[in-house]
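For the record, the sequence lines run as chains B and P.
Numbering-wise, this note's numbering puts 97 at position 97 of the first sequence, and it's gapless, one number per residue.
Numbering-wise, this note's numbering puts 1210 at position 210 of the second sequence, and it's gapless, one number per residue.
Hints may contain errors.
What the hints assert, rightly or not - In silico PhoX-like links for lysine-lysine, alpha-carbon gap of 25 Å or less: (1) Lys35/B to Lys23/B; (2) Lys265/B to Lys338/B; (3) Lys42/B to Lys1115/P; (4) Lys1243/P to Lys265/B.
To be verified - Sample of chain B residues facing chain P (criterion: CB under 8 Å; computed from the structure): (5) Ala236; (6) Ala239; (7) Asp240; (8) Asp251; (9) Thr264.
Everything labelled a hint here was simulated from the structure, so no lab data went into it.
None of the values given here were measured: they were computed from a predicted structure.
Virtual Cβ for every residue (Gly too), placed ideally from N, Cα, C.
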Amino acid sequence: MSDETQFFDEMFGSGTDARAPYKRYSDWFSNEDPKGLMKEAKEAESFFRRTGITFNVYGQADAEERLIPFDIVPRIISGKEWARLAKGVEQRVRAINAFLHDIYHRQEILRAGRVPKELIARNEAFLPLMMGVEPPGGIYTHIVGVDLVRTSENEFFVLEDNARTPSGVSYMLENREMMLQMFPELFGKMKVQPVSGYPTALRSSLAATMPPDPSPDQTVAILTPGIHNSAYFEHAFLADHMGVELVEGSDLRVVDGRIAMRTTKGYKPIDVIYRRVDDEYLDPLNFNPDSLLGVPGIFDVYRAGRITIANAPGTGIADDKAIYSYMPDIVEFYTGEKAILQNVPTWRCSDPEALAYVLDHLDELVVKEVHGSGGYGMLVGPAASKRELAQFRAKLEAKPEGYIAQPTLALSTVPILTKAGLAPRHVDLRPFALFSPEGVTLTPGGLTRVALKAGSLVVNSSQGGGTKDTWVLEDD
Amino acid sequence: MLGKTAGGLFWMFRYLERSENIARLIEAGFRIALTRPGSEEWASVLRTAAAEELYVSQVGEIEQARVIDFLLRDPNNQSSVMSSFAQARQNARMVRTAITREVWEAVNDAYIALKATLARPVAERDLPDVLAQIRQHSALVRGALHGSMLRNDVFDFCRLGTFLERADNTARILDVKYYVLLPSVTQVGSSLDNVQWETILRSVSGVRAYSWLNPGKATPMGIADFLIFDPRMPRSLRYSVTKIRSNLDMLETDYGMRRPCHDTIARLDQCLTDGTIEAVFEEGLHEFLTDCLKETARLGTEIQTDFNFTD
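Build out the structure end to end from the sequences listed, making use of the hints.
Quick look at the structure:
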């Protein structure tokens, strides 16, 4: 771990000269005063705090909003590199959607024996209530955030498919705004593809999946758990930029067989709801009866085809970490093509042989909870203490089916600006894909998360990670 | 607009107005305490802030530094300047999509600055600066609202919150002090003890305005008239009620619906347009103010119901 040179650096490759996509940036950077840049970086932070681009952290006594640190060195991807990623993401999104339709209908893939039956039936993310339900437009996953990592010049891996309610897109947009303000001259020198069309694209994409017979106004709304949710800023940001209402469960009820929101003039129907509330909390009548975040009866309205819920309930079965290892088969099964993006080799600890291997190699592997997210409950073997390893061993032995393990990938690095100048840090990438009957729209860019601690491989914001602006270049 | 959003806007501006009013009360109390040591002004300040009981049970004996701290920053005091501001900002976060970036930033900046300033007790020496800072931030929010917001229902609900809180505050200041104004009522035209009228006027930042309009005539009736009926005084009951009426009228036109609150405000407005200070003094200032407070409270409840703030 200590030897950073074994990692692929996206700016300098393995040498000292900038790689082609970074060439112009590097020339510009070498003429800048690093002290001045540090000062600008500080100003960026106070700007983010002022505008309220913050997130709430769960489980902290002083539950105040925190900033996700922003690094001013962009992560640059060439047009050609992006084109390949984009094809891979699109293929994956279509496959996931086909998989979901199949799982909730005829289950051909299970009959064909490509995915084990019990993996679905006994999975907490599988929603039996969705069996036979036809989502408007046939779309299950309106928004997908595919987490990618890079390990070399030509190797990208999918780390995770976020098919429930992926977050982080507001950072993609705000980070770009920040960069445009700070370094307008750079955008004159380099052709960076814009990301600002995302909110409009999201709105059109959602509008393209109206339920049959929508209300006259064809209303779209975003459902948020409320201002205490860690991603509330993003919910408000998107509602603002899309020009749609931001609603909470307490604003909604079923009126005349439709979901309606309480306005100052009375109840008004909603046709498409982009929910940022998990399945479990969506409907106290059909799911968790204690939920105050959802709308009693919304699932019945959904089944009657009178509202679009984006993403559809039950999509978690597609991004479940136990399903993940079958993704290459899933892609092939539904698209008839080999997966363009590679999967990380995965040991399913439910398999006794795999478990034995994992327990033997715990200090080399990354172990994740099958249903976990956000970097919580995760073990990075090479960085873990003896005590942490022992604790995880116990957890694994107690509930092996709750975990998967993967090799520790040699995540690529991109430099961040530190007091000592540029320093390499590990990154990942989450591009955001929109899916509607009109096709897949992939915004050229995404959320680049960066581990700010030297050597660290955990990029999650809840674990001290930061973000960077992601530039996809228009190739000359 | 969502009913919840309307409610959020309304309360955001009520809390902003409240924090500004509390700061003004502290300023008045501090000034009196400086110029008239030994006066019992702090008790009356607490009463005006509707916080006397809470103070006695939570803090105990009335003592200047503790009263100031309680009113400025005590998290157990729901209407301390800091609590009010935090609630205003909480509401602003909730209605983030309805307000402009300018308004949000003004509120958020104010919150960040006040939180830093009020992180620890404020030394007496620094109090004037701190109060000035609060006043300045309130002015910035108001300016952002006026300069950047559409004049639609969103704006109406903001203004309703501001003026309902203000009417309530002015009525309460007068009601707490009515005994000061009353005893000398029989000698209409006689001068009040300097300190008494000064407190009242300072509590609404109206010392200069009053003496400009009524040079050399600090009479109880004159001051009561100024704070109740003067349509030029931006903190008078009449001014506040006129504003509430005009915003409610705009909502009536905008929505094409008349609600119970429209009748209540029409009645209240009529009463302040037709009334005279002589008649009020004759029938009893306290009774008049009690009625006003009841009517504004009722109006507040009606507005919440009529526009579906909650389920």
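Against the structure, the hints:
For the hint pairing Lys35/B with Lys23/B, the CA-to-CA distance comes to about 22 Å; that is within 25 Å, so the pair holds. For the hint linking Lys265/B to Lys338/B, the alpha-carbon distance of about 54 Å lies beyond 25 Å, and the restraint is violated. In summary, the hint linking Lys42/B to Lys1115/P is supported, as the alpha carbons are separated by about 20 Å, within the 25 Å threshold. In summary, the hint linking Lys1243/P to Lys265/B is supported, as the alpha carbons are separated by about 22 Å, within the 25 Å threshold.
For Ala236/B, the interface hint holds, the least distance from its beta-carbon to any beta-carbon of chain P being 4 Å, beneath 8 Å. The restraint placing Ala239/B at the interface with chain P holds, with a minimum CB-CB distance near 5 Å, inside the 8 Å limit. Interface hint at Asp240/B: satisfied, since its Cβ lies 5 Å from the closest Cβ of chain P, which is below the 8 Å cut-off. At its closest, the beta carbon of Asp251/B sits 5 Å from a beta carbon of chain P; the interface hint therefore holds under the 8 Å criterion.
Below 8 Å, beta-carbon pairs count as interface contacts, and Thr264/B has one with chain P at about 4 Å; its hint therefore holds.
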